Amino acid sequence: MKQATEREQLTRTDELPIVLTEEARKFTEEVIRRSGERVDWCYQCGKCTAGCPVAFAMDIEPSRIMRLVQLGQGERVLKSKAIWLCVGCQTCTTRCPQEIDPAKVMDTLREMALEKEFAADKEVVTFFRSFLDNIQRYGRVFEPTLVLQYNLRSGHLLQDADKGPLMLFKGKLPLRPSRNGAIVRKIFDALGGRRQ
Amino acid sequence: MARIGVFICHCGENIARTVDVAKVRDALAKHPGVVHAVDYRYMCSAPGQELIRNAIVEKKLTGVVVAACSPHMHEPTFRKACAAVGLNPYLCEMANIREHCSWVHSDREKATEKAIELVRFLVEKVKRNRPLEPIRVPVTKRALVVGGGIAGIQAALDIANGGYEVILVERQPSIGGHMAQLSETFPTLDCSQCILTPKMVEVRQHPNIKLLTYSEVEDVKGYVGNFEVTIRKKARYVNEEVCTGCGACIQRCPQKRIPSEFDRGLGRRTAIYIPFPQAVPNIPVIDREHCAYFRRGGCRLCEKECPRGAIDFNQQDQLLTEKVGAIVLATGYDLIPSDIYSEYGGGRYRDVIDGLQFERLLSASGPTNGEVLRPSDGKEVKSVVFISCVGSRDRAKGIPYCSKICCMYVAKHAILFKHKVHDGQAFVFYMDVRAAGKGYEEFVRRAVEEEGVVYLRGRVSKIYQQDGKLIVRGVDTLSGMPVEIPADLVVLATAIRASDGIVELAQKLGVPVDEHGFLSEAHPKLRPVETQVAGVFLAGACQAPKDIPDTVAQASGAASKVLSMFAQDAIEREPTIAKVNEQTCVGCFECQRACPYRAIERKEIRDRQGNLIKVVAYVNPGLCAGCGACTVACRNHSVDLEGFAEEQMFAELSAITAA
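Line by line, the protein sequences are chains A and B. Residue 1 is where the first sequence starts when you use this note's numbering, and the numbers rise one by one after that. Residue 1001 is where the second sequence starts when you use this note's numbering, and the numbers rise one by one after that.
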């Protein structure tokens, strides 16, 4: 229901129009520069949206995200939930006839949203943070601490706790973390650490 | 006594499956007048035709009926077979027992009955057929080309290079048409003038081309191979024989602020002028309406200035009569007025212009020497909005068709603008981008991907002035957002329509015009350069909106039609046309009113002393198409159709009713 209203809003013509000036173009150019992807080449065929497994849950579909970037609609894009719902499966990237990498563009948009503290979906951000912390520390995902950390940070203390024993029983939860943590830490360091 | 042969075809299984062919043969063998009836698996095959030829000779046949497929399919085949052994081809008829019988019926017994009847009534008709000879119409091997744009130029050059004389008539003072106004051409960005002017000069210098500029076709009489054309050569008030085109008169003319038609009002010209520097012929013309001498006497400065004494204020329009065998219509297009949508401000704001005006702004020889400056204040344009489909595809405005070239020239305009104003921004509002052509889609993508033109899918709702800018409000349906652009200049891609005056010319020729004023081709696919009127051909945008490559291709197509006509000394036409019985015709001319081809003429019957006895109708065999409208209109049955005479038709009908 909420999604419907947001989509409705997009096609309402009584709202303030996008004013296409040089200012608007700056955002487009920033996204192109930072992602290295020619978002301005997108000709709106819609193939990314058609194949996107999470488009059904998005407030703004991938192809429309691309369009809004073309029109310099920074705030609208960076405040969207869609960029956080993107799971990075890269179906869009594989299929794009203009050889654009929308998944990479989504990544850039998430970075820009974090910088501007626009992140619309706090839980997804919390999960991403916990995930990256986990990788940085252990070298690869160590599920028990990841779940713990995410649940603590998000406040959903008992979320999925009931699934623990069964996963443990089936051998899906490792008891000891990976031993290549030091190597991965070097990669993080080489990339200049990680912004928190 | 008639000796008719009947030949029944099985068409493999096509006929034989549903029709009992042997039964048809036996039934027809008993029919009065039939002396020979056979059936064969494939009558159109070589042995099948041999069967017919042998029978004609051996049985001394006076008529042949082939019961097989549609005459559209094989009538020429069987008539040729008959002619080969000396039987007049018009004594051979086909009964269609395939499309009209076996293919559409399933009941074998009834289909067989129907087949017998179909063949029977053709036999009755053939008994009454008369030998006919094809009509031969002599051809005047000279062509008239109407319109001196790229279509007319191409057609004229092709015909002239084929070795035949051409008269090229152009109503403007110079040839070149709209192509001469263009800056560069899509998708290769060739300079339009650079590729056009050599052709214009070639026309002027070609020994086979008689160029008549500032002239119009006044009247056309006659028919294929034998047209008589009256051309009005408008007074230039400059003697073409004497003028050298030095331009001294133009320099001297005091009337310097007349809006130039060639620059579409963005530039100025004098009262004595040549439309553009590369004009062909390079001879000025005096515009009577603005000339000080014609308006109130006096002035005559050009006359005093001319070193050759070429100015002639007493010149009169001349009427020339020319005989030609073929006519190519290449009258081109115009743009609709740009005020079609009042909310766009076309005609109200000076900085809202049309596509051809923008061409003039881009052109190095244009009013701004190729700089993109605002018409209102001469300020450099930094932001420009192009709007496609202005009028086109708008059923409510009576223009449901696509103007075809706008998508491409809008992309070209945006690219050329970016080439001239590097820090400028170009926007395009579109409904669809139609770029079907060699290198066209790539060209449009180049505008977006390399030149950074912003394409917005949607319509503009209104344009208004604010703080020295034009505020363009519209929608981008891809993002679902209304958009607003502060622009310096707005260019409307207004719809294309056929040139003024074309309907009147078409009426003189009898060429049909479609609901939108474009000239109609004879067949939309298979006869795209011919018209319904034999000997009249089409080239370019007078038939439908067309870009330069398509126009040139069609012009060469029309020229090749003319050339293949001229390659013969006479044109053969089917003899199945109307014929008047002069004994009974009372000269009421009801037939003349009924005839859609204007083939009925008046013929005077005189006695030996030369006294007029009466006036009767005469069918011009060059024009008659054998439609039969006159035979129905005639009150006392004095007109009849050769090959489809009333006697023959009634014989067919009574054969049905008798059965």
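Source of the hints: derived by calculation from the structure; they are not laboratory data. Small disclaimer: the values here were computed from a predicted structure and weren't measured. There's no promise every hint is true.
[What the hints assert, rightly or not] Restraint ranges, calculated between C-beta atoms of paired labels, are given here:
| id | chain 1 | residue 1 | chain 2 | residue 2 | range |
| --- | --- | --- | --- | --- | --- |
| 1 | B | Arg1296 | A | Glu22 | 53 to 59 Å |
| 2 | B | Ser1342 | A | Glu22 | 28 to 34 Å |
| 3 | B | Asp1432 | A | Pro165 | 17 to 23 Å |
Glycine included, C-beta positions come from ideal geometry on N, C-alpha and C.
Going through the hints against the structure:
1. The beta-carbon spacing between arginine 1296 (chain B) and glutamate 22 (chain A), approximately 54 Å, falls within the hinted interval of 53 to 59 Å.
2. In this structure the supplied range 28 to 34 Å holds for serine 1342 (chain B) paired with glutamate 22 (chain A), their Cβ-Cβ distance being about 30 Å.
3. A beta carbon spacing of about 59 Å between aspartate 1432 (chain B) and proline 165 (chain A) contradicts the range 17 to 23 Å that was offered as a hint.
When held up to the earlier numbered hints, the structure conflicts with hint 3 and nothing else.
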